[in-house]
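Those protein sequences? They're chains A and B, same order as listed.
The first sequence runs 10 to 261 under our numbering.
The second sequence runs 135 to 411 under our numbering.
Think of the hints as simulated: they come from the structure by calculation, not from any bench.
Glycine included, every Cβ here is placed at the ideal spot set by N, Cα and C.
Errors might be hidden in some of the hints.
Said to hold, decoys possible - Derived CB-CB ranges, DEER-like:
1) A/I237 / B/S192: 54 to 60 Å
2) A/V85 / B/S192: 27 to 33 Å
3) B/E155 / A/P155: 26 to 32 Å
Unchecked claim - With a Cα cut of at most 20 Å, we get these calculated EDC-like pairs of lysine to aspartate or glutamate:
4) B/K181 / B/E155
5) B/K366 / B/D380
6) A/K159 / B/D386
7) A/K159 / B/D353
8) A/K159 / B/E227
9) B/K279 / A/E255
10) B/K275 / B/D329
11) B/K181 / B/E227
12) A/K159 / B/D329
13) B/K257 / B/E234
14) A/K159 / B/E260
15) A/K128 / A/E50
16) A/K38 / A/E255
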Amino acid sequence: MLFRVARVTAFYLALLGLWQLVVELDVWKPYVVPPPKEVWESFQRYWNNGLIQEAVRISMRRLFIGYSISLVIGMVIGMAAGTWKWVDETVGSLVLGLQSLPSITWLPLAVLWFGLNDKAIIFVVLMGSLFAIAISARSGVQNIPPLYRKAALTMGANRLQMARYVLLPAMLPAMAQGLKLGWSFAWRSLMAGELIFVSLGLGHLLNLGRELNKMSLVVAIMIVIVAIGLLVDFVIFGRLERWVQERWGYAT
Amino acid sequence: MSLALKPDGANEPQEAQPLLEMQGVTKHFLTKRHNTTALDQITLSVKKGEFVCVVGPSGCGKSTLLNVVAGLERPDEGQTLFAGRPVMRPSAERIVVFQEPALYPWLNVRANIELGLRIAGRKRSERRQLADRYIELVNLKRFAKAYMHELSGGMRQRVQLARALAVEPRMLLMDEPFAALDAQTRDVLQLELQDIWARTGATIVFVTHNVREAAILGDRVLVMTPAPGRLKNEISIGLPRPRSPDTHAVVDLAARIRQELEHDIYAVPKPEDHYVI
Chain A
10 MLFRVARVTA FYLALLGLWQ LVVELDVWKP YVVPPPKEVW ESFQRYWNNG
60 LIQEAVRISM RRLFIGYSIS LVIGMVIGMA AGTWKWVDET VGSLVLGLQS
110 LPSITWLPLA VLWFGLNDKA IIFVVLMGSL FAIAISARSG VQNIPPLYRK
160 AALTMGANRL QMARYVLLPA MLPAMAQGLK LGWSFAWRSL MAGELIFVSL
210 GLGHLLNLGR ELNKMSLVVA IMIVIVAIGL LVDFVIFGRL ERWVQERWGY
260 AT
Chain B
135 MSLALKPDGA NEPQEAQPLL EMQGVTKHFL TKRHNTTALD QITLSVKKGE
185 FVCVVGPSGC GKSTLLNVVA GLERPDEGQT LFAGRPVMRP SAERIVVFQE
235 PALYPWLNVR ANIELGLRIA GRKRSERRQL ADRYIELVNL KRFAKAYMHE
285 LSGGMRQRVQ LARALAVEPR MLLMDEPFAA LDAQTRDVLQ LELQDIWART
335 GATIVFVTHN VREAAILGDR VLVMTPAPGR LKNEISIGLP RPRSPDTHAV
385 VDLAARIRQE LEHDIYAVPK PEDHYVI
């Protein structure tokens, strides 16, 4: 464990060193490739005046609401498509088609429908993750061993009990990937939305850096985004995956 | 040995109305090229407390028979009466123990056993109590918190048996539950099942292709032949219990059952019987 921590730390220190080296060699101007020190200073300034925390709070709120709604709708659509063939052929095919549409293309319509506010952004986030979740829920339902259902049936389970005690938990291994994919799509949609349509949030802060020609701020925000992504991945999805591996006995 | 689980009068022959009655049950399966008659005019009855084995080769329709009794499949013709009422759908009164361990990997042994009780809407304290009792009955006390991938095949079948028994069904339907186990484990479980049957007074219909197993376990053995699936003969077994697999009486009986079967296993079915041309 200690060795692994040391190895990871060494890797990131080396990366930082390489970055510093590139700056020292003076190949590019500092406003093209900002030195680590400047990025750190930008981060500190915007952290101390509270703008980063505020942006993170606003972005995470949008992400959380959008993702939660898409989780509920996506599960319903996916489970229905996985259960009934006619739903799969109608709604299922639509979902498959819409998945190839980058969710940011919904922004103009969303602004028209909801106005220039949080709702429009949340809608884009929702559309970003909805289809990944629905598709994985569909395959999750379809891949449930028939014996799981039969065993519950013979114990007299009704539809609701079947869904709650058997189908939902049985879907998890197949869904773990889809939930994670949906989350990263939601992130991307959020950033795209916030970059285009200025309204606070991390994307806005990043755009601010662009407008001020302050690449150190841009890079600082990028690092914050990566850090949040890693944190969520580790805390939520990593835990889910480890749980599935442990319970289902996939772990070595 | 404790007899605390045994209800009054269980395992005693009873003259009352049979618990299960099948009359002229017929079931066809249509696939693209075949028309298979899995069950052909099956008529049988099982009394409360009886241990009935249905023996026949693979594909003779014995699993279909069990599924019809369970309510998992509907027959094309005939009637299945359970406690005097027609079987329409699956019910916790008739629990199936499957050949493959139909257990849930996300639940530990105790939670798997409690699931049937949860579905039946039993209270938490009741669930705990019943689960404890049946975990002990199948000798899995040390493994109550284990997950399925940590258990051997034999232990998984014990969990399945305990889960079925915990809801206290009126009939246990066992679909070749020991077929996938190694011979030693199977011997042990056959003995344990006889013991559990004696202690709980359960009514069991046990499907198997293993003639020895049928001779060890059954009060009665129904011999089933394939294509079309028919009950050919019935053999009553009055041997004292518990029966072990190597006694002469059991071996002789197994040989007799095998003789009943052999003629039909090697018979070539007439093509027009089950091919749609």
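**Prompt:** If you check each hint against the structure, which ones fail?
**Reply:** Structure breaks hints 2, 5, 6, 7, 12, 13, 14, 15, 16.
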